[in-house]
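Trainee: As a plain string of letters, each chain reads:
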Amino acid sequence: MTDHLIETKQLTKRYGDRLAVDAVDLRVRRGEVYGFLGPNGAGKTTTLRMLLGLARATSGSARVLGAAPGQPAALARIGMLVESPGFYPYLSGRDNLRVVARYASQPARRVDTVLDLVQLASRAADRFGTYSLGMKQRLGVAAALLKEPELLVLDEPTNGLDPAGMADMRSLIRGLRERGHTVLLSSHLLGEVQQICDRVGVIFQGRLLREGTVEELRGGGSIVVRAEPLATAADIAGRLLGDASPVAVRGNALYLDAPAERAAQINRRLVEAGVEVHELRWSEPTLEAVFLELTNDRKESPHAWQPVG
Amino acid sequence: MRGSLSAELLKLRKRPATWLVGAVFVTLGLVFAYLFPYLSYRGSGARQGPVAGSGEELLLDALPASLVPSALGGWPLFGGALALVLGALITGSEYSWGTLKTVLAQRPGRLAVLGGKLTAAGLVTAVMVAVSLAADALASWAIATAEHRAVDWPPPPDLARGMAAGWLIVTMWCVAGMFLGTVLRGTALPVGIGLVWALVVEQLVRGFASTLDAIDILQRWLPGTNAGALVAALGAPTQEQGRGTPGITDVVGGTHATFVVAGYLIILAAATAIVLRRRDVT
Numbered sequence: 009m010t011d012h013l014i015e016t017k018q019l020t021k022r023y024g025d026r027l028a029v030d031a032v033d034l035r036v037r038r039g040e041v042y043g044f045l046g047p048n049g050a051g052k053t054t055t056l057r058m059l060l061g062l063a064r065a066t067s068g069s070a071r072v073l074g075a076a077p078g079q080p081a082a083l084a085r086i087g088m089l090v091e092s093p094g095f096y097p098y099l100s101g102r103d104n105l106r107v108v109a110r111y112a113s114q115p116a117r118r119v120d121t122v123l124d125l126v127q128l129a130s131r132a133a134d135r136f137g138t139y140s141l142g143m144k145q146r147l148g149v150a151a152a153l154l155k156e157p158e159l160l161v162l163d164e165p166t167n168g169l170d171p172a173g174m175a176d177m178r179s180l181i182r183g184l185r186e187r188g189h190t191v192l193l194s195s196h197l198l199g200e201v202q203q204i205c206d207r208v209g210v211i212f213q214g215r216l217l218r219e220g221t222v223e224e225l226r227g228g229g230s231i232v233v234r235a236e237p238l239a240t241a242a243d244i245a246g247r248l249l250g251d252a253s254p255v256a257v258r259g260n261a262l263y264l265d266a267p268a269e270r271a272a273q274i275n276r277r278l279v280e281a282g283v284e285v286h287e288l289r290w291s292e293p294t295l296e297a298v299f300l301e302l303t304n305d306r307k308e309s310p311h312a313w314q315p316v317g
Numbered sequence: 041m042r043g044s045l046s047a048e049l050l051k052l053r054k055r056p057a058t059w060l061v062g063a064v065f066v067t068l069g070l071v072f073a074y075l076f077p078y079l080s081y082r083g084s085g086a087r088q089g090p091v092a093g094s095g096e097e098l099l100l101d102a103l104p105a106s107l108v109p110s111a112l113g114g115w116p117l118f119g120g121a122l123a124l125v126l127g128a129l130i131t132g133s134e135y136s137w138g139t140l141k142t143v144l145a146q147r148p149g150r151l152a153v154l155g156g157k158l159t160a161a162g163l164v165t166a167v168m169v170a171v172s173l174a175a176d177a178l179a180s181w182a183i184a185t186a187e188h189r190a191v192d193w194p195p196p197p198d199l200a201r202g203m204a205a206g207w208l209i210v211t212m213w214c215v216a217g218m219f220l221g222t223v224l225r226g227t228a229l230p231v232g233i234g235l236v237w238a239l240v241v242e243q244l245v246r247g248f249a250s251t252l253d254a255i256d257i258l259q260r261w262l263p264g265t266n267a268g269a270l271v272a273a274l275g276a277p278t279q280e281q282g283r284g285t286p287g288i289t290d291v292v293g294g295t296h297a298t299f300v301v302a303g304y305l306i307i308l309a310a311a312t313a314i315v316l317r318r319r320d321v322t
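Same order as they appear, the protein sequences are chains A and B.
Numbers 9 to 317, taken from the numbering used here, label the letters of the first sequence in order.
Numbers 41 to 322, taken from the numbering used here, label the letters of the second sequence in order.
Just chain B, with the same shape it has in the complex (with noise of 0.2 Å):
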């Protein structure tokens, strides 16, 4: 698996889609979590919506204390979302390019193959994480600093919760992507249905899930639900409480939610490899 690795890895390198997303991730992250945040108590404090709450609270959410709920806040949300699409480029283009056959038909074999990029995959993510919380502590170093605030960073263990409950969360809609892409072999469609879940689908359930008792258990087994329940339990603030980012929600706990997103990984990474190692190559 060690060449379909390299070779996965070289193709992701020199891939102008996978920088692109990268940098959005990052991007964003910044601008949800600290620049609007930041901002927004510069001006007149207190505010509803997705920038939500009183003056003090949106300072203290930017400092470097709250690092990890802070910057894993809008992952459940636009971080899955982008997390989906380069998992579906990174299978769905090997069809939509006709390069499926040309990989296969070299030595690996399929599954191998599919090790190599998985586990590429989540070496990207991993890399999108660390790069992402670093420049968030360094905007939140860059505000504590301009306010004259103590630079108080999260405890180590407390960080590293953070960054595999991230890596998990985002890596997990990565599959998903990937999953989508190799079922429907291309880019275009996943990447459709892909957003259209996590960002419409999951919402409404959430949405009706006080109104009926099937829908809100469905809700516990969702991935988006058990995405922001997990960022949740490392205390980053609910929709519910009033100032949370959208997809944040404490309806289950952060054990439940960890396993439930770990099982969604690895059962999309078993489906992707049973219909790779199925399917006849067109």
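In isolation and in its complexed conformation, chain A is listed as follows (with noise of 0.2 Å):
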């Protein structure tokens, strides 16, 4: 048995001219919290659409579950909650999830057990019309959590939520993982993927720019030196870490691919050279710094990175 829940080839979507999603190879592996991470409009929701069989692919393939998207036997072992949740307005709370209980064969009993579970019993009785964003939401993944699944597939979970309401969510989240749940979501907040999710796919115009656990995206950290001269500087430490670690100088500051523990070494060398250190510290990119780092380089350069797979 393929150890990867979600698995595509090339999945490519594309309306009239315009490409939505573009050759995209993902691979979600089970027990796993995914994120998959581009700002809006990059094609997160269409990806999600073609996995769940809401929208078909225009070529590629996809697998989820081992099956087809869409067949009922994959279905009935995925909790999705795609883009803003759709109930009926006119029913309460609990009875639009005793519809999605319905639909999805579920035993009515289920229904309070993930009101619970999303804090929403107190409310259940209400009509969904005159539910908060937050609320709606909450509801929203409550009707993923019906089938108790094996795969969730959450889009934009925290959308709406108050910052109370979103650590819980990221907090219910860790919870499923726990559980060994598998779990693919989609996201534009970067640090909410950075604090939930084991590995990440950055997409951006429609390709899947790179992905990889958090650690990998961000790479290693790097040595920063402000100094003067500065091409003294460089010149002292490139000769000191050798060809294996670069030096790289922006703006007025090196950037030292070397380990936090050679930052004394370089700093008496300089010194001794006499060279005047204003700073020397040891600096970790934020996923955020390379996620606009990937997003700027594909909006200048088409081919600046290359997308995975």
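Wrong hints could be hidden among the right ones.
What the hints assert, rightly or not - Calculated from the model, a selection of chain A residues having no Cβ within reach of chain B, i.e. all distances over 12 Å:
| no. | residue |
| --- | --- |
| 1 | Asp33 |
| 2 | Glu200 |
| 3 | Gln203 |
| 4 | Gly250 |
| 5 | Gln273 |
| 6 | Asn275 |
| 7 | Val279 |
Unchecked claim - Far from chain B, some chain A residues (derived; all Cβ distances over 12 Å):
| no. | residue |
| --- | --- |
| 8 | Gly39 |
| 9 | Ser69 |
| 10 | Ala132 |
| 11 | Ala239 |
| 12 | Trp290 |
| 13 | Asn304 |
As the list claims (entries may be wrong) - Interface residues of chain A toward chain B, partial, derived using beta-carbon atoms under 10 Å:
| no. | residue |
| --- | --- |
| 14 | Ala81 |
| 15 | Leu83 |
| 16 | Leu99 |
| 17 | Arg106 |
| 18 | Tyr263 |
For the record, the hints were derived by calculation from the structure and aren't laboratory data.
Even for Gly, the Cβ is constructed at its ideal location relative to N, Cα and C.
Using the hints, put the two chains back together into the complex; each one sits in its own frame.
Mentor: As structure tokens, then:
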């Protein structure tokens, strides 16, 4: 049995002349929380729609839980929340979940269980039309959990939630992973992805630019040096570190691709050579910086980053 | 499909619009088939226009023996229009509320979901027809009692035929609404287009039928004409006879009308299935 619950090959969706998803190769492993990261309009929701069988791929293929997207047997093991939660405004939260449970052939007793899980039990008798955005979102997550799904597909699950609600949602997703569920979540919130995802795929303009763990994407850190004269400092650092550790000059600082342990040695050499060291520190890029670098490069040159796969 | 049907019935039962359409359907039947004719009879007797005929004819139409043709008399027109609205609400709302993606991402599969909707719609129209006939029967009994006339009910086979024909007409229009709701992915436009078709276009075509053979042939295959002809075949007076409800016509026979109405029902259901199955849910 494959260890990938989701596997796509060159998955492409075109709307007329517009390429919404461009040859995406995506793999989501069993038991992980996979973050599908990209700005609004990057192709995240379209990809998720194709994975759920709501939209057909123009070309390429996808397997979800070993079946083609939209197959009833696979859908029975998937919980989903795509875009805004779609419910019947004239029905109460509980009745909406009863409707979903009937479609999903789930016992009615699951309804109260998931209402408790998303802390909506006290408002379950109120009409959905009266819910706040955050409550609607929580009801959407409750519906996704009704089937006790093996795989959860959550599109921007913290949309509309207040900070406390966002924290609760993150905690819920972590709990799901601990109970063995696999979660594919899309988000444009880098902090959210960084906090809860095991692996991340960065999508931009329909293309999957990078895929890996948060650490892999962020890469190693670097030693940042502000010194005068900068050229002399660069020369000394270059000779000290050798060809394996490149030295980059960005603005008025040096970025040295070297482990933090070598900072003291570099500082000593620079001072011994009469260079005035104003600042020397260890720096790790945030996921945000990596993301912006990836997407900005993409904007400037379509070939700056090779897609994964 | 059992889960889909059960979910649909829960939605329809709890939806105020379902009850409203049903109540208007029953009320309009009572008003136009019994209240207005009876008031007209109690007034000066003979009338022209929608409530036309001699005083005795008006009374006879309102007695239990005429239950089937009188009750069904308005269905090709307002009954069909209301059923079309109900159908458009059943499918079109799923797009406007964004609930279709929620439904389709559950277990059943698109055709099973549609099967549940069609079956639920068929059950709701059956209840509408049964309740309307029961209310009309009560009204006719009350009129017969008030006028000291014999309470002669139609024979059971006639009653069964009337119910079946009424269900076929109402359900065909309901499925037409479901088709429009699916194709146009909403409720407002399907309801507007459907009502214009049922209440205006078909009437205009019938009006021009005597001027051109091609239009005459066309009208014989229209859903509204055949619904009207089906009711005429059950004994309802036609417009051509001078005292029929608008929409009741005998330009085609009962058998032809039955097959055409049933054909529309099947074709519209199949077309809805094709559209729902093939199209992306956006």
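Trainee: Determine which of the earlier numbered hints do not hold for this structure and return their numbers in increasing order.
Mentor: 18
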